[in-house]
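Chains as they are written, first to last, in my numbering: chain A, 1 to 134; chain B, 1001 to 1134; chain C, 2001 to 2192; chain D, 3001 to 3192.
Hints are supplied without guarantee of correctness; some may be wrong.
[Stated by the list, open to error] Short derived list, chain A residues pointing at chain D, Cβ under 8 angstroms:
{"#": "1", "residue": "Arg-40"}
{"#": "2", "residue": "Arg-44"}
{"#": "3", "residue": "Lys-45"}
{"#": "4", "residue": "Lys-47"}
{"#": "5", "residue": "Met-52"}
{"#": "6", "residue": "Glu-55"}
{"#": "7", "residue": "Thr-72"}
{"#": "8", "residue": "Ser-76"}
{"#": "9", "residue": "Thr-92"}
{"#": "10", "residue": "Cys-106"}
{"#": "11", "residue": "Trp-129"}
{"#": "12", "residue": "Val-133"}
[To be verified] Residues from chain D shown here face chain C by an in silico Cβ test under 8 angstroms; the list is partial:
{"#": "13", "residue": "Val-3012"}
{"#": "14", "residue": "Leu-3016"}
{"#": "15", "residue": "Gly-3063"}
No lab work stands behind these hints, which were simulated from the structure alone. Note that the Cβ used here is the ideal one computed from N, Cα and C, for glycine as well.
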Amino acid sequence: MKYLLLIMSAIVAIVSFSSVTIAEEKEPELAELMAEYQLRPHHRKLKFECVMCHEGDDPEEYEPLETENCLTCHGSRQKVADRLKFMDENHTNPHNSFHDGLDLDCYECHAEHEEPANLCQECHTTDNWMNEVP
Amino acid sequence: MKYLLLIMSAIVAIVSFSSVTIAEEKEPELAELMAEYQLRPHHRKLKFECVMCHEGDDPEEYEPLETENCLTCHGSRQKVADRLKFMDENHTNPHNSFHDGLDLDCYECHAEHEEPANLCQECHTTDNWMNEVP
Amino acid sequence: MNKKVFIFVLIVIGGLLGMGSSLIISEVVHVTGNAEFCGSCHSMEPMAKTFKLDTHGGNNRHGFVAECADCHLPHDSVLGYMIDKTAHGINDVFVETFTDVDEIDWIARRENRDEFVYSSGCLSCHQGLLDKTEAENPKSLQTHAHYKKQLEKGDPIQCVSCHVTVGHAGQLRTELNKLKPEFSFSDSTESH
Amino acid sequence: MNKKVFIFVLIVIGGLLGMGSSLIISEVVHVTGNAEFCGSCHSMEPMAKTFKLDTHGGNNRHGFVAECADCHLPHDSVLGYMIDKTAHGINDVFVETFTDVDEIDWIARRENRDEFVYSSGCLSCHQGLLDKTEAENPKSLQTHAHYKKQLEKGDPIQCVSCHVTVGHAGQLRTELNKLKPEFSFSDSTESH
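Excised from the complex, chain A in its bound form:
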């Protein structure tokens, strides 16, 4: 009985030690990753961790998001477009544009982990009809 207890304690100790080690190793790794893959200000403000958008435990396997993933929070293409309805009149609503209507994917402009790019600016000077991409 005594030996059994001793063995069990040893097992418990080893298991807890190794999990502590993993946690300790993982923490700085996560912090490092989050420093590398920063969020845009409007999302950073919300204090999101990676798993708010990416699925799974292993950051190595995180995939870039599809528009449909964005819409789980943002509702629908129509809802996003409606927020900029005042731009419709001049056909400059980027979410309901002259060229693409509602069919533009989010990542065409909104890169979360790097500086966003303004697709419209590929051909247009947008100073008078558009803000910077948030």
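We have chain A; now place chains B, C and D onto it with these hints.
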């Protein structure tokens, strides 16, 4: 101008008189009908007029109600049955009965304009497991 | 001190005490109006339990929860609300403490539901309901027009006159039957 | 009259006056918190108009209508609510009367929405929202769990931090643009 006014007044007088007559004629007729076709107490309390259940302007053409008409207010057969759920245990819920389940039409028991009949009592003594039909 | 100043100061002190206690009273009113509080008394358990099954008790997409007092106190004026709240408070504490609440025939009392549920309460949340011009169930437009007409005629009906099972998911009678069965079910043999 | 009795009577009179005026104050607070009242000021017209398009403003099956103060005042305590209500009242009357409200850059102010909408207000209606275990959109369970976690960590986010368009049907910016356009649209020729 004077004549015109006179004529118009005459027309107005005649029209108002005849509509008063119609209203006066209609009122007692309606009251008579409502006295003949009384409502059950729980509906009388709600001060319903005929058109709350029957469609159209002519009482001569009023049809008896179908179960579906009752359910426009009462929701669904399931909802009506759920209100008497405590009777399920002994299989005596008249709205979800041993014999008919949810498939009993309202008018089998609930006659609105005459004394209601208890279908169960055709074969059973219901004193110990059912109230009077409201 | 001048006597007038003295009187003034005393009235101001009293006034501040009065306003301070009003604040405390309104906190108390606030805290003692929900199902958590009301349901903590033995006699209100069936009501609280069935409330939680209802749309109004949180059984909805929005996590919306009404409070008992939202329906069971009048909402015409703050004064009326406070008078009723006080009367109910005194009555309920007295009845719960000094009488046998198990004797209360709640099932029979349901007949008088018109007196325990206030349309002014319903309408202080559902402010726009009577002015709706379209509805999933068009019948509701007709019945709500009837409500308005009766109100204008000075011969009102109440919301709960029709919505007889509202607030308790249509399960209050069933829940009350668990404590005090309406029927004995002692003889269900066929008679003829 | 005995002096002590005199003092007592005066304080009681003051107390009654104080409680009476509290009643009147709470009626006033009640009446001055809805879109009808708030929207009657020129500067609040876009807010009131877009509110009416929103679920919270009556655009829903239930004819439910919230009041401006339900979201735009804190609901932690009656005292806090009253203090904020008073401060807003004084500020708004002053600003509306003595300054040029057309100068206010409402579009820019939307950045600080966290300061104008109180989660305690949201949660005093949506009491059960954070405890839901199923949802039409399962993502909401994850994000609401995040809200709770941040709250427990003492590093809270606000409901409107995510629900940026709530209460005004996502149309406030568009409505404000009618009064003061963000863009001139003066040159939309292609550049290269």
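Here's how the hints hold up against the structure:
Taking 8 angstroms as the C-beta contact cut-off toward chain D, the hint placing Arg-40(A) at the interface is violated, the least distance being around 14 angstroms. With 8 angstroms as the threshold, the beta carbon of Arg-44(A) stays out of range of chain D, its nearest partner Cβ sitting at about 11 angstroms, so the hint is violated. The criterion of a C-beta within 8 angstroms of any C-beta in chain D is met by Lys-45(A), whose closest approach is roughly 6 angstroms, and the hint holds. Residue-level restraint check for Lys-47(A) holds (minimum Cβ-Cβ distance to chain D is 6 angstroms; threshold 8 angstroms).
The restraint placing Met-52(A) at the interface with chain D holds, with a minimum CB-CB distance near 7 angstroms, inside the 8 angstroms limit. For the restraint placing Glu-55(A) at the interface with chain D, the shortest Cβ-Cβ distance is roughly 11 angstroms, beyond the 8 angstroms limit, so the hint is violated. Hint status for Thr-72(A) relative to chain D: holds, with the closest Cβ pair at about 4 angstroms, below 8 angstroms. A least Cβ separation of about 11 angstroms between Ser-76(A) and chain D goes past the 8 angstroms threshold, and the interface hint is therefore violated.
Because the beta carbon of Thr-92(A) sits about 7 angstroms from the nearest beta carbon in chain D, less than 8 angstroms, this interface hint is met. Here the hint on Cys-106(A) is broken, as its CB sits about 15 angstroms from the closest CB of chain D, past 8 angstroms. Annotation: Trp-129(A) was flagged as interfacial toward chain D, and the flag holds, the nearest CB pair being 5 angstroms apart, inside 8 angstroms. Interface hint at Val-133(A): violated, since its Cβ lies 15 angstroms from the closest Cβ of chain D, which is beyond the 8 angstroms cut-off.
Taken as an interface hint, Val-3012(D) checks out: its beta carbon lies about 7 angstroms from the nearest beta carbon of chain C, inside 8 angstroms. Because the closest C-beta pair between Leu-3016(D) and chain C is about 6 angstroms apart, less than 8 angstroms, the hint holds. Look at Gly-3063(D): its Cβ gets to within about 3 angstroms of chain C, closer than 8 angstroms, so that hint holds up.
Hints 1, 2, 6, 8, 10, 12 from the earlier list are contradicted by this structure; the remaining hints agree with it.
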